Each structure stands twice: as C-alpha cells, then as structure tokens.
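Engineer: Sequence:
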Amino acid sequence: NTAPTSPLPVHGDSYFDTGISQEMYWDANRSSWLSVQTFELDFGRNGSVPKGGFFRTTDSKAMSATLGEYALNNGMITQITLTRDAPITTPWEVYYTVVRNGTTIAAELQLSGAVTSGLTGFSGVFNAGEVISVKVNSTSPNDSTPGTIGKVYYKWRK
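Note that the sequence shown covers residues 547 to 704 in the working numbering.
None of these hints come from the bench; they were simulated from the model.
Each hint should be verified, as a subset may be incorrect.
Claimed, not checked - In silico lysine-lysine, BS3-like type, Cα no more than 27 angstroms apart, as pairs:
| no. | residue 1 | residue 2 |
| --- | --- | --- |
| 1 | LYS607 | LYS697 |
| 2 | LYS697 | LYS597 |
| 3 | LYS597 | LYS607 |
Note that this is a predicted model, so its numbers are computed, not measured.
Using the sequences plus the hints, can you model the full thing?
Structural biologist: Listed below in structure tokens is the structure:
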C-alpha cells in the first residue's frame, strides 16, 4: 500500500494502510508516515552485562547482533527508557545502544548517577526483515552494568 503524497501531508494527517492493517499519521518532525500504534521491545538483565554485551528479552532469551525483535515491516524507533535497581554512582557511566543487524541505529543513551533515564524524539530507522537488539556500548567507560530493565518503543513506517 502506498502512502499519500498529494496534496503534501501536514503534521497529523492520517490514512489507513490496508497492507499492514494500521492507522498511519504524518509526523512532520520525522518527515515520515508512522503507525498510530506503538510497539515495545522489553529488555533487561538480572545480572551484569559486560561492555559490548547484549541484554536479554524479558522472557530471558539472549539477544545478539542477529537475535532480537524481528521487524515485520519498515519501522522507526522513537523512544528508549531504562530503570535500574540502584543509582549509578558518578563517574560510573553506561552507554546503551540499539542495534539493527549489528549496526548502531539509535543514539546512545547514557545513564550516569540515576536510576531512570530516557530518550525521546529521535528517529532510529530500520527495515522489514531486520533484527532489533540492545547492548551495552563497547565504548562505555565501565566494564559492565547490573540490574537494568528497559523498553525500546517503535512504530511502523512508510
């Protein structure tokens, strides 16, 4: 199904995409048609994740560059949120990265001296058939991160 292009869409315009059975709206900030519905990839670890290591899904399935959330359609990551079981003491910092088939697609989320953190308003584009997973960035100044739970929020994209 093709997204409308004429007249030029303005923020908030909508249509129903019968190909993916989703109500779509024009997000002028991201210059994309996005699904109204938001989907979530939950991740975490009840133990430490080493620098460069991947988190697990909430049902304890291992993630990697090729294991994670399989994208049924083209999409866009719009938010990431994190919670930890205890504050990170400065200068302890961890950089979380969302990857697509092993390639970084979402801005790093730095968590330093806080129990919760989040990123909104960014556009991590991925394509149908790719795998989305989450890891501790290999450039993180510390060796591992214990006790983290998070969510990656994404929408289908046209």
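Engineer: Give a verdict on every hint.
Structural biologist: Status of each hint after checking the structure:
A hinted pair counts as satisfied when its Cα atoms are at most 27 angstroms apart, and LYS607 with LYS697 qualifies at roughly 15 angstroms. Taken as a hint, the LYS697 and LYS597 pair is honoured in the structure, with Cα atoms around 19 angstroms apart against an allowance of 27 angstroms. Distance restraint check for LYS597 and LYS607: the Cα-Cα separation of roughly 19 angstroms lies within the 27 angstroms cut-off, and the hinted pair is therefore satisfied.
Every hint from the earlier list agrees with this structure, and none is contradicted.
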